[in-house]
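S.K.: Sequences listed follow chains A and B, in order.
At position 503 of the first sequence the residue is numbered 503 (the numbering used here), and the sequence of numbers has no breaks.
At position 82 of the second sequence the residue is numbered 1082 (the numbering used here), and the sequence of numbers has no breaks.
Accuracy of the hints is not assured; some may be wrong.
Between beta-carbon pairs, the in silico distance windows are [what the hints assert, rightly or not]:
(1) B:1007 <-> A:71: 53 to 59 Å
(2) A:635 <-> B:1057: 36 to 42 Å
(3) A:635 <-> B:1403: 16 to 22 Å
(4) B:1264 <-> A:53: 35 to 41 Å
(5) B:1051 <-> A:5: 25 to 31 Å
(6) A:201 <-> B:1149: 55 to 61 Å
(7) B:1412 <-> A:5: 44 to 50 Å
(8) A:618 <-> B:1427: 29 to 35 Å
(9) B:1028 <-> A:123: 48 to 54 Å
(10) B:1449 <-> A:618: 26 to 32 Å
(11) B:1098 <-> A:123: 48 to 54 Å
(12) A:5 <-> B:1431: 36 to 42 Å
Partial list, derived from the structure: chain A residues whose beta carbon lies under 8 Å from chain B [what the hints assert, rightly or not]:
(13) 72
(14) 602
(15) 605
(16) 613
(17) 615
(18) 622
(19) 633
(20) 637
Don't read these hints as lab results, they were simulated from the structure.
We put the CB at the ideal spot given by N, CA and C, even for glycine.
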Amino acid sequence: MEDHFIENLGWVALLLPLLSAVAITLGGPFGARRAAAKISIGAVALSFVASLILFLYLHLTGQPALAETSFPWLIIGKYGELNNLQFNLGLQLDTLSLVMMLVVTGVGLLIHIYSQGYLAGDPGYSRYFACLSLFTFSMLGIVLADNFLMMFIFWELVGISSYLLIGFWYHKPAAADACKKAFITNRIGDFGFLLGILLVWSVLGSVGFASLKLEAAHPNHFGPVATIAGLLIFCGAMGKSAQFPLHVWLPDAMEGPTPVSALIHAATMVAAGVYMLCRVYFLLSFPGSQALEIIGWIGGFTALLAALIAVQQNDIKRILAYSTLSQLGYMVMAVGSHGPTAAMYHLTTHAFFKALLFLGAGAVIHAMHHEQDIWQMGGLRKKLPVTFWTFLTGTLALCGVPFFSGFYSKDSILAQALKNGSYGLFIIGVLVAALTTFYMARLALVVFWGSARSSAAEHPHEAPGVMLWPLRILAVPSVIGGLLFIEATFEHFFAGGHGEAGTITWAEQLLEPLNASPAAALSGIFAIMVGGAFAGALYWKAASDPLPLRLGWFARAMRNRFYFDELYERVLIPATHELWSRIAQAIDRWIIGGLAVRGASGATEFAGRALRLVQSGSLQTYAFLLVAGVAAVIYCLLAR
Amino acid sequence: MNYSLISLEIAVVILGLGLLLADLWIRPEQKTRLGYLAALGVGLILFWSFKFSGVPSASAFNGMFVLDPLALYFQRFFLLAAIIVLIMSVAFAGRIATGISEYYSLIIFALAGMMFAASANDLALLFVALELITVTFYVLTSFQRARLASLEAGVKYLIIGALSSAFLVYGIALVFGTTGQLNFNRIAAVASEFADNRVFLLGILFILVGLSFKLAAFPAHLWAPDVYQGSPVPTTAFLAVGSKAAGFVLLLRLLFTAVPAITERWNDLLIVVAMVTILYGNLCAIPQRNLKRIFGYSSIANAGYLLMGVAALSGAGRAAVLYYLGGYLFAVLAAFLVILLVMNEVEGEDISALAGLNQRSPLLAAALTCSMVSLAGIPPLAGFFGKFLLIKAALEQGAIDPLYYWLVGVAFLGVIISISYYFGVIRAIYWSKEPPVLSAIPVPLILRLALYVCLAGMFYLGLFPNTVVELANAAVKVLAVR
């Protein structure tokens, strides 16, 4: 009885945000529009509480996972027959999904609260919260899905709801373009994902994670297609987690409201790809599969590329966006070097400090009357004390300064790369760490130190409390995230429940990286020092960016994002889009328009009008036709 | 004899009589509200009907009456439809000059006829149940005595109905004359002896003609558009949903219990009738501008789709018929609820009356849109899955008889054609050029609730089809297995 209650709690946590979205959209007449924020916040808060209860229950009872609560959703063919097509809807309640739930609902809750202040007075206030709730629902669906089909459905729902949120200010052309770009780029990845799912399904005969795990456990015919299936599934992650070459949508998506950027691009949507890779890690690490190798290199390349681009961006949100890209590359790299634990660990800590940084950037933008260029800011340290201190905390955590949360998770990735023998990836990792420190220090120095570079920067106004409290709260896990035994929890999970969890003490945890893999930890710290020193030398009280002069064409390339967007726009899109549109247009005009529509509609229209003559309204005609029809039937059946 | 088997029907009849009696004591201005009481009563009976779930099939009155899962499925269907139709009637009461409580009780009596039809296992009960439905509908169609259109509808329904009844009763006489049996099971037992007896076959054919009047299918389909257009809105709604479903349950029982062998031999007839009905309904609907008339043709087309499931001659096909009717109920009742409310505000039933509806009442606009989308068979609403199941059932038989492929082709063609007129309605709602009036349309709470029920039904059936498909599968098991 009690168990049933606990399992159903998962459904409650999943469905509450949906309910909130529906209530806000349909409940206009009952005043739901005005209470939109409260309904939305209430739903996500209750979801958080439900996740917390589930997590504690799981933790205290020591089970690896709660029993699945799945029910048949669609059965095609006769029930109970062997070769029928049956799809289930069910929830996977284990450590992996529940920690992710806590991150999504916890960070999401703070962002919901923050939005209340940021969006105050916007004409689309209630629409915003309805979309936010829909997004939360979709994201929770991905996290909780116990099979590929359900995950794919929610995967697409995330695509839709992020489209709505990024294009929230749809009257701005840039936002309208950005949401289109995000959606289409994601769709390209999703197509690969779908192919991957179909391939896995056709070979292994199942889409449920539990049964797939069983299937993949004993040797079978999955071997030959393991690599290609793994890579196709990775395509999905490539879209959602913005990996090269599908990374172009994420920076543009900064056109959405800043809390949306924080939610989508730090804690949830982009994390979905990495989460999915960890969820199906058993398929990717199938013996003989080369998929992880390739995935690791794509991740490493993305990390390096994005970090280089971030060095020369001037828009505060874009710097953070490229930083997100780079960190996602890091996580994917971790998965690629056989370290889902490290990837999930970094995903969790990154969710805290990146959300903090985005919300901090939002507070700065709010204070600067929607100015986003960092060279228009400066000296904000004194005028925005709360924003400054929390932003600084996030920056230090992101750079991986010792004893902040980022230090531990980043070190875990570097150590994993060493342990796996991927020295190339390790070097990239250290390089990216140095670059990260460099561009984050540049951002902080330019925005918060020096002197005001514009009139807006001289008279900024600190954000209201409703926006500052989420910053303060997020700062706490950003600092102590490394001491919460997150790594041990995941390790326990990925070891299949065999490893020992939580046997180390806090003090040991504090110095764990130095004990476990001193080489990785020391090179990480060294990278931070190098990056920080360079940034300090170049940007301390700088009036303008000195780097373009010193690096010349390379800085220009970095600023222009290595011309990827231009490449896609000038080469890829014309080559595919234009060609297809011509073909489609020809088909449209001549075959569909001419033959099918005009021809067929003309013919049917004519038939309709002709038949109408029959329907004259005259009763005698009707009776006559009835009898004539009966006579015709009798003739056909009996008289011949 | 076990009288408790017909307790649901008895309850319905008592409710109808009670309404007539109550009319004598209630003050005139209170009479409109009697409809809510009637709806409540039907609701209680619906609730009570769940007491019978899981009870083994049983028959009464010498096998004339059966209570099995199939009967229960349809009885609940009729009860649910009647509740919504009664609620509609209350909203419509303003346009009925006198005798509103008789209108309510006639709906209840028609309901009683449908309930009996769901359980009829005998030609005599089949005839009585059908006549109970038809005769009450003669009155219901012409209830707006002051309106010429309503009277015209009544007369047309009466005459075509009488003609069909004549075929029906003649057919019954021929079958009884040759076999000496009226009970379906007993006819089935002797049918093989008469498989080549033309008089017997003619009798069966005549009974089918009589039933095709209820279904609004070829050859007795011509009355539908005229009668749908002229009748009061709640009558049209009940005609479209209840009366049609009653025809189908009788058809299923007759074809698959009484004469399964002949049905298999006549599958070509069923296919051709389905094709003609689909094409006629859809083609004629295209040039229509009158909302209720569109539904008249749509009703014919849907009878054709449903016949496709019957023609498939398989359990899957019959289950699809039951499922499709469920989706059809919600879509059609939602549409008529909207039409009723719009007609209360705007004179005329032209499609242009819908102009600007999305601004006048977003709920009504959304409900009518969902209904159209479901009827057009677009996912994720109920209509899509229903058509999917029907077409799948027909396709599975294609290996036996290639004519089934033609049927599927015609069904697809029909769906495509139907999109044009269903979406014409949606276009009128959202993209009309000049909305003449933009005053908000008030939606009383209880109608709003009815609309929500319909919407929830369409979405639930479309998204989670399994529950109802299972129910339908269980229900059709009682018909002859093949």
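S.K.: Confirm or reject each hint.
M.R.: Status of each hint after checking the structure:
1. B:1007 <-> A:71: 53 to 59 Å: violated, 34 Å
2. A:635 <-> B:1057: 36 to 42 Å: Between residue 635 of chain A and residue 1057 of chain B, where Cβ atoms are some 39 Å apart, the hint holds.
3. A:635 <-> B:1403: 16 to 22 Å: Because 19 Å falls inside the window, the suggested range holds.
4. B:1264 <-> A:53: 35 to 41 Å: About 59 Å separates the Cβ atoms of residue 1264 of chain B and residue 53 of chain A, which means 35 to 41 Å is violated.
5. B:1051 <-> A:5: 25 to 31 Å: holds, 29 Å
6. A:201 <-> B:1149: 55 to 61 Å: holds, 57 Å
7. B:1412 <-> A:5: 44 to 50 Å: holds, 48 Å
8. A:618 <-> B:1427: 29 to 35 Å: Given range 29 to 35 Å: holds, Cβ gap about 32 Å.
9. B:1028 <-> A:123: 48 to 54 Å: holds, 50 Å
10. B:1449 <-> A:618: 26 to 32 Å: Hint violated: Cβ distance 42 Å, outside 26 to 32 Å.
11. B:1098 <-> A:123: 48 to 54 Å: holds, 52 Å
12. A:5 <-> B:1431: 36 to 42 Å: violated, 49 Å
13. 72: holds, 6 Å
14. 602: At 11 Å from the nearest chain B Cβ, residue 602 of chain A fails the 8 Å test, so the hint is violated.
15. 605: holds, 6 Å
16. 613: violated, 10 Å
17. 615: Status holds, d = 6 Å.
18. 622: At about 4 Å, which falls below the 8 Å cut-off, the nearest Cβ of chain B leaves the hint on residue 622 of chain A intact, so it holds.
19. 633: holds, 7 Å
20. 637: holds, 6 Å
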